[in-house]
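Undergrad: Protein sequences, first through last, are from chains A and B. Be aware that the first sequence starts at 1, since it is given in my numbering, and climbs by one per residue. Be aware that the second sequence starts at 1, since it is given in my numbering, and climbs by one per residue.
No lab work stands behind these hints, which were simulated from the structure alone. Among the hints, a few may not be true.
Computed list of chain A residues with no C-beta within reach of chain B, every gap over 12 Å [claimed, not checked]:
{"id": "1", "residue": "R37"}
{"id": "2", "residue": "D39"}
{"id": "3", "residue": "A48"}
{"id": "4", "residue": "A54"}
{"id": "5", "residue": "A55"}
{"id": "6", "residue": "A58"}
{"id": "7", "residue": "D73"}
{"id": "8", "residue": "R85"}
{"id": "9", "residue": "A86"}
{"id": "10", "residue": "G94"}
{"id": "11", "residue": "D110"}
{"id": "12", "residue": "A190"}
{"id": "13", "residue": "A226"}
{"id": "14", "residue": "A254"}
{"id": "15", "residue": "D281"}
Stretches of chain A that chain B covers, calculated by requiring three or more beta carbons in the stretch to come under 8 Å of a beta carbon on chain B [as the list claims (entries may be wrong)]:
{"id": "16", "segment": "21 to 32"}
{"id": "17", "segment": "177 to 187"}
{"id": "18", "segment": "228 to 236"}
{"id": "19", "segment": "242 to 250"}
Where is the CB? At the ideal position from N, CA and C, for every residue including glycine.
Number of protein chains: 2
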Amino acid sequence: MTPSRSRPRVGFIGLGAMGRPMAANVARGGYELTVWRRDPSPPLALDAPGVAEAASLAELAAACAVVVLCVSDGPDVLDVLFGPRALADALAPGSLVIDCSTTSPAVAQDAAARLGARGVDFVDAPVTGGTEGAERGTLTVLVGGAAAAVRAAEPVLATMGSRIVHLGPAGAGQRAKAVNQVILAGTYLAVAEGVVLALRTGLDPSAVVDALGTGAAGSWVLAHRAQRMIDDDYPLGFRLALHRKDLRIALELAAGAGASLPVAALAATLEDGLIAQGYGDEDNAALARAIRALSGLTQ
Amino acid sequence: MTPSRSRPRVGFIGLGAMGRPMAANVARGGYELTVWRRDPSPPLALDAPGVAEAASLAELAAACAVVVLCVSDGPDVLDVLFGPRALADALAPGSLVIDCSTTSPAVAQDAAARLGARGVDFVDAPVTGGTEGAERGTLTVLVGGAAAAVRAAEPVLATMGSRIVHLGPAGAGQRAKAVNQVILAGTYLAVAEGVVLALRTGLDPSAVVDALGTGAAGSWVLAHRAQRMIDDDYPLGFRLALHRKDLRIALELAAGAGASLPVAALAATLEDGLIAQGYGDEDNAALARAIRALSGLTQ
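So that you can see chain A by itself, here it is in the shape it has in the complex:
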């Protein structure tokens, strides 16, 4: 296949817990897919038809007019684009980079400017919806970038997400993702405190959660994560350590913008303690471990 503007071959970099099912959905959505992996030795194990594997970023760039990134953090994005293997140097003018990683807005603005100078478009497109959403293709994609670049990205994003929301220029998607992670932090703590109070006062916590879920205390976290807090068992989901990384981005953004977010800051320090105690690979709902511990509800 040669690159095509109407149905381009898509490159995908970052086959983690989120990226793997997202890449599979791009392929199932009818795009020819080429992946590149830092370590190509394990089996590829990508549940999708006709996936090619590039031996280098340059080979991937030569085959693909659109490249999706889904790596861990901003430094990884900048390393892939502008580091020693410099994807940016190999991309043809007119290409498009879609960054689904969660990074600081500054990374998105920097990448957009540096790629723009080479005639390559960039959109930041962090996602919400967890591994369930990634597998089902029902992610919400929070998009920042120039209007023409976002229009070009939308058909590819539509294979991965059910809501594609353009929120402003480059960085706007990352700012909105930071807002999401801040709201999540507080909602997890809110539900954890309610669950712990129910447990400590001898209520049937599941009955209380069920009773309150249809009222003003209702939330996605209450509906989908309270039972894990009741059981004190936190299967993934979304890794606590990754939420802590996202809170670092959000709190740095907040500090730079003059916003003081006491509950998000509390969540961050509680997560630091939990990660140091070895709980970083559990689901984010494990924040309840901290409220349980404060309340003497240890296992």
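Start from chain A and add chain B according to the hints.
TA: Below, chain B without anything else, positioned relative to chain A:
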């Protein structure tokens, strides 16, 4: 009408923002209704058919086999029942008191024991759903009490609420209400922090709220109160000062039970400041004023 076991005349005490529409729904639900007011001089203005007004609690007790209370706090409940006007002394054995006020669980247990000694049943039945729910008859009612008393209360409660949930013996309804108010406190702060971060970083906050509402950050508060926080305008709703009262009950309950709830405690101290600044009569969503102020977003 003489009191009837099958379709008793219902007494109602406490015609405030919640009690007034709840009483109207009891009357519309087919119950003969008698009310008593501490100050009977203003027009009754109860939008319901055939409502009688008793000149005293004794007169109300003589007419009614079921009495609903919807007053401000535990001391008011104990004053109505056991104070100088002692409703308890006038109630016939076999009567039923349904307390829809939000009080400490200890008040409910005390009232249940003292009324039980006189052969009068008691259930605590605090509600959630706000004035909208009270008007539409769609409240959730959190019920504590003995099974027979709760069965007797259910038809009356069904005129006021669409979910009637029996959670345990006397006091269990109040404990569950405390859990509700704790979860609400944290969720309000979570959404307020997200809104403030969106405002401070130049996002369109309404677009962000809309984008995040269908995902893991979604909640009733985000869907129904974020826009008030964006507008910095807090029409009722549910009074901030009443939520502070409920948090006092919840935090005392938590302390007695060995539960430490840092976010609820933060909400309480922020609400204290706001009440002292004159915002106690605004909607609970005015908690966002505190996060706005911390972030330099004053009007």
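Undergrad: Going through the numbered hints above, which ones does this structure break? Give me the numbers in ascending order.
TA: 12, 13, 14, 16, 18 and 19
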